[in-house]
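Sequence lines, in order, name chains A and B.
Mapping the first sequence onto our numbering, position 3 (from 1) lands on 34, and the numbers just tick up by one.
Mapping the second sequence onto our numbering, position 109 (from 1) lands on 117, and the numbers just tick up by one.
There could be a bad hint or two in this list.
Claimed, not checked - Straight-line distance between alpha carbons at most 20 Å, and here's what the computed EDC-like set of lysine to aspartate or glutamate pairs gives:
1. B/K105 to A/D57
2. B/K105 to A/E89
3. B/K77 to B/D15
4. B/K78 to B/D91
5. A/K38 to A/D118
6. B/K78 to B/D110
7. B/K117 to B/D74
8. B/K105 to A/E85
9. A/K38 to A/D57
What the hints assert, rightly or not - Each pair of labels, with its calculated beta carbon distance range:
10. A/P102 to B/R88: 38 to 48 Å
11. A/Q45 to B/G48: 38 to 48 Å
12. B/T75 to A/S115: 39 to 49 Å
13. A/P102 to B/K64: 37 to 47 Å
Quick caveat, the hints were computed from the structure, so don't treat them as lab data.
Just so you know, even glycine gets a beta-carbon here, dropped at the ideal spot from N, CA and C.
Single-letter residue listing:
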Amino acid sequence: SAVISQKPSRDICQRGTSLTIQCQVDSQVTMMFWYRQQPGQSLTLIATANQGSEATYESGFVIDKFPISRPNLTFSTLTVSNMSPEDSSIYLCSVGDSLNQPQHFGDGTRLSIL
Amino acid sequence: SQQGEEDPQALSIQEGENATMNCSYKTSINNLQWYRQNSGRGLVHLILIRSNEREKHSGRLRVTLDTSKKSSSLLITASRAADTASYFCATDANAGKSTFGDGTTLTVKP
Numbered sequence: 032s033a034v035i036s037q038k039p040s041r042d043i044c045q046r047g048t049s050l051t052i053q054c055q056v057d058s059q060v061t062m063m064f065w066y067r068q069q070p071g072q073s074l075t076l077i078a079t080a081n082q083g084s085e086a087t088y089e090s091g092f093v094i095d096k097f098p099i100s101r102p103n104l105t106f107s108t109l110t111v112s113n114m115s116p117e118d119s120s121i122y123l124c125s126v127g128d129s130l131n132q133p134q135h136f137g138d139g140t141r142l143s144i145l
Numbered sequence: 009s010q011q012g013e014e015d016p017q018a019l020s021i022q023e024g025e026n027a028t029m030n031c032s033y034k035t036s037i038n039n040l041q042w043y044r045q046n047s048g049r050g051l052v053h054l055i056l057i058r059s060n061e062r063e064k065h066s067g068r069l070r071v072t073l074d075t076s077k078k079s080s081s082l083l084i085t086a087s088r089a090a091d092t093a094s095y096f097c098a099t100d101a102n103a104g105k106s107t108f109g110d111g112t113t114l115t116v117k118p
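Pulled out of the complex, with its shape left as it was, chain B reads as follows (with noise of 0.2 Å):
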């Protein structure tokens, strides 16, 4: 099974709201890492965070790592239209390559 797992597999607010994304894991990691996949796209490295960090801020994005739960989430804040897109996580517990979650897909209303 798939080493990372994400949820809700589907989320849907309005322009404005914040979204959060969860991802959950089985074994330990080195990191973690959040990507981004608009639709008829390739996927968009959003970000890492290693297994010694609890936090990581990018613009509009906030991830945090407790890796005594084995979990991730993803907050976007005041989501915007052109968010509506697929969140995967990936983890690099299988021989250090990274395993890809189910995704969460995201629709922002406008």
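If we strip away everything but chain A, and leave its shape as in the complex, we get (with noise of 0.2 Å):
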């Protein structure tokens, strides 16, 4: 399966601040997805990543707050703009053949802001 590595793997940030958070797999995949988690609770679906086109957003994000790149098939990127407390939580990159298929995860970046 899979190797997926995201960096940085945690970071504690000022409130109005960006931070770009990576995702590199070790082999070509279809597809890309970035999720949130939150403490103790479960994952939120924010966008597909999408290679060489924008990104597919959930209901409730938007491409402002939450640009995503994928510049080609093993790698991709999530911004996370303006942040508030209220972004404090685990981000998560999965890869997978679609959406209903197994994913594979990496272990996420643990995001506080203060």
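Using the hints, build the complex out of the two chains.
The following block contains the structure:
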């Protein structure tokens, strides 16, 4: 199965700043996804990262707040912009053939905003 | 609200005992998946069961699916301390996208 590396693993950021999270996969994958997981809670899909085109965002998530890039089939970034304490969460990258098939997850980025 | 709802929210057992977690969902599905998440890590896929299947096994894991009751269960037999983790079910009822439940936190005491 794919090996997924996420960076950074954790960060503490100031309110109003932005942070870019990187997701690197060791093989070419069809689909890459970004999730948010608030402490002790379930996962919420933010968007599907599309190679060479704009990401597909889920309801409640917008490109201005969570810009996503996917320049090739092995790499994607998620930026959390103009952060507020409500953005404190775990952000997870996953890959798979589709959203209703088994996904492989990175270990996540634990983000705290002061 | 989340499509899948697990119960119990938390479960604590002794090593060697069996652990059973349940997942209920609201609408028709094509498949249901179970994942494990160790503390501080990402999710690991355990089993996928299709809507036309009733039971699946993988090692010490047994998953059942009852589409008439819209429920699934995950049984871990002969539990080990290393099974301590959160377990999530995910269904694909939302336009084919996996929707995760709130999870069951399992603690296995040595």
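Here's how the hints hold up against the structure:
no.: 1; hint: B/K105 to A/D57; in the structure: violated (24 Å)
no.: 2; hint: B/K105 to A/E89; in the structure: holds (11 Å)
no.: 3; hint: B/K77 to B/D15; in the structure: holds (15 Å)
no.: 4; hint: B/K78 to B/D91; in the structure: violated (26 Å)
no.: 5; hint: A/K38 to A/D118; in the structure: holds (17 Å)
no.: 6; hint: B/K78 to B/D110; in the structure: holds (16 Å)
no.: 7; hint: B/K117 to B/D74; in the structure: violated (30 Å)
no.: 8; hint: B/K105 to A/E85; in the structure: holds (19 Å)
no.: 9; hint: A/K38 to A/D57; in the structure: holds (14 Å)
no.: 10; hint: A/P102 to B/R88: 38 to 48 Å; in the structure: holds (42 Å)
no.: 11; hint: A/Q45 to B/G48: 38 to 48 Å; in the structure: violated (24 Å)
no.: 12; hint: B/T75 to A/S115: 39 to 49 Å; in the structure: holds (42 Å)
no.: 13; hint: A/P102 to B/K64: 37 to 47 Å; in the structure: holds (38 Å)
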